[in-house]
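J.: FYI, in this note's numbering the residues of the sequence shown are 1 to 316.
Treat the hints as calculated values from the structure; they're not laboratory data. This one's a predicted model, so the numbers in the text were calculated from it and none came from an experiment. There may be inaccurate statements among the hints.
Stated by the list, open to error - With a straight-line Cα cutoff of 20 Å, these simulated DMTMM-like cross-link-like pairs (lysine to aspartate or glutamate) come out: (1) 243 <-> 299; (2) 243 <-> 222; (3) 238 <-> 216; (4) 195 <-> 211; (5) 238 <-> 281; (6) 158 <-> 268; (7) 111 <-> 144; (8) 287 <-> 161; (9) 17 <-> 299; (10) 159 <-> 189; (11) 243 <-> 163; (12) 238 <-> 163; (13) 195 <-> 163; (14) 283 <-> 268; (15) 111 <-> 46; (16) 243 <-> 161; (17) 111 <-> 133; (18) 238 <-> 214.
Claimed, not checked - Okay, the calculated beta carbon distance ranges per label pair: (19) 154 <-> 35: 40 to 50 Å; (20) 136 <-> 65: 16 to 26 Å; (21) 211 <-> 112: 37 to 47 Å; (22) 211 <-> 39: 49 to 59 Å; (23) 257 <-> 49: 41 to 51 Å; (24) 112 <-> 26: 28 to 38 Å; (25) 211 <-> 145: 31 to 41 Å; (26) 103 <-> 2: 44 to 54 Å.
C-beta atoms are modelled at their ideal positions from N, C-alpha and C, and glycine is treated no differently.
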Amino acid sequence: MPDIKLFAGNATPELAKRISERLYISLGDATVGRFSDGEIQVQINENVRGCDVFIIQSTCAPTNDNLMELIVMVDALRRASAGRITAVIPYFGYARQDRRVRSARVPITAKVVADFLSSVGVDRVLTCDLHAEQIQGFFDVPVDNVFGSPVLLDDIMKKTDLDNPIVVSPDIGGVVRARAVAKLLNDTDMAIIDKRRPKANVSQVMHIIGEVADRDCILVDDMIDTGGTLVKAAEALKERGAKRVFAYATHAVFSGSALQNIANPALDEVVVTDTIPLTKEIKALGKVRTLTLSAMLAEAIRRISNEESISAMFEE
1 MPDIKLFAGN ATPELAKRIS ERLYISLGDA TVGRFSDGEI QVQINENVRG
51 CDVFIIQSTC APTNDNLMEL IVMVDALRRA SAGRITAVIP YFGYARQDRR
101 VRSARVPITA KVVADFLSSV GVDRVLTCDL HAEQIQGFFD VPVDNVFGSP
151 VLLDDIMKKT DLDNPIVVSP DIGGVVRARA VAKLLNDTDM AIIDKRRPKA
201 NVSQVMHIIG EVADRDCILV DDMIDTGGTL VKAAEALKER GAKRVFAYAT
251 HAVFSGSALQ NIANPALDEV VVTDTIPLTK EIKALGKVRT LTLSAMLAEA
301 IRRISNEESI SAMFEE
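Let's have the full structure, built from the sequences with the hints guiding it.
T.: Given below as structure tokens:
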């Protein structure tokens with residue numbers, strides 16, 4: 001069996017460290033920095049010939065910098081004769097640009113990124129909670145899309161003080177995800193928020209389908225971007241008599257006005273994972289809690305290296 005080598009870019013150093021500790025494998029020695037003109041500098045400082053290499057790098061903000069780091073690292077490892085290269089991308093940037101709405105003259109950037117990664121020499125991709133699962137089909141190499149929901153669900157189940165909880169989907173598109181969580185929570189009731197989005201990053205809550213009065217509400221989503229949807233949802237739930245509102249999401253994008261929105265008192269707590277590092281300002285709010293996906297990703301890496309099933313990780 002080839003030796004496993006773990007390398008990391010600068011996007012998620014803490015997550016990479018936790019994964020390496022779980023696997024009892026030290027992170028590989030690589031220089032990932034910048035030249036004086038801002039161009040990305042990468043040098044692999046150890047032998048990787050014939051090794052099973054995993055590069056841990058979310059393509060979160062600064063998206064283009066982190067993506068290029070990943071691309072250049074793959075090329076460096078390929079030219080160093082690595083046996084197999086798996087890109088571990090906990091958060092896959094550009095995933096929301098996955099279609100041409102009403103045939104608009106726009107790119108399908110998720111496909112462009114997939115082609116980029118495939119062409120530079122990635123043999124396999126391991127990612128988490130893709131915004132749209134069909135993005136797996138954009139790649140010409142195998143893609144393993146694992147789910148953060150078991151980690152989030154475990155945390156929800158540890159909340160012993162929940163009062164008559166109800167799982168809430170913040171929009172119609174998240175119904176399948178919310179239903180799955182509700183089912184695993186002893187078939188807890190579910191509510192849906194019907195909203196319309198007049199333009200990008202702006203949402204308007206219309207009405208709530210379900211009874212939320214005098215109940216603790218658990219909002220479940222794949223990501224939180226500006227937090228606009230979340231705040232309007234929380235405010236609408238509180239107006240309908242909800243006791244507390246907890247928000248759970250895998251990816252903490254937190255762009256634009258997220259700081260102000262998350263600070264809104266309508267949200268009692270926000271729980272996310274470490275696929276994207278939190279800023280100091282977000283941490284200072286004191287109401288955002290981070291769960292780690294390191295154990296799950298480490299197990300997925302172990303299974304990939306040993307040619308074991310990934311889907312078996314999520315079978316009941």
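J.: Below or equal to 20 Å on CA atoms is what counts here, so check residue 158 against residue 268.
T.: holds (17 Å)
J.: Range first: 49 to 59 Å. Now tell me if the beta carbons of residue 211 and residue 39 are that far apart.
T.: holds (57 Å)
J.: Within 20 Å, alpha carbon to alpha carbon, are residue 238 and residue 281?
T.: Answer violated: residue 238 to residue 281 is near 26 Å, above 20 Å.
J.: Could one say that the CB atoms of residue 154 and residue 35 fall in the range 40 to 50 Å?
T.: With Cβ atoms ~44 Å apart, the hint holds.
J.: How does the Cβ-Cβ distance of residue 112 and residue 26 compare with 28 to 38 Å: does it lie in that range?
T.: Given a distance of about 34 Å, which is inside 28 to 38 Å, the answer is holds.
J.: Check whether the Cα positions of residue 111 and residue 46 lie no farther apart than 20 Å.
T.: Distance of about 33 Å is beyond 20 Å: violated.
J.: Next pair to validate is residue 111 with residue 133; report whether the Cα-Cα distance is within 20 Å.
T.: holds (13 Å)
J.: Against the range 31 to 41 Å, how does the distance between the Cβ atoms of residue 211 and residue 145 compare: consistent or not?
T.: holds (34 Å)
J.: Hinted pair, alpha-carbon criterion (20 Å max): residue 195, residue 211. Please report holds or violated.
T.: This hinted pair holds, its Cα atoms lying about 17 Å apart.
J.: Please work out if residue 287 and residue 161 have their alpha carbons no farther apart than 20 Å.
T.: Within the cut-off at roughly 17 Å; holds.
J.: Note whether the CB distance of residue 211 and residue 112 lies within 37 to 47 Å or breaks it.
T.: holds (44 Å)
J.: Given the proposed pairing of residue 238 with residue 163, does the C-alpha separation stay at or below 20 Å?
T.: holds (15 Å)
Hints 1, 2, 5, 13, 15 from the list above are not met by this structure, while the remaining hints are.
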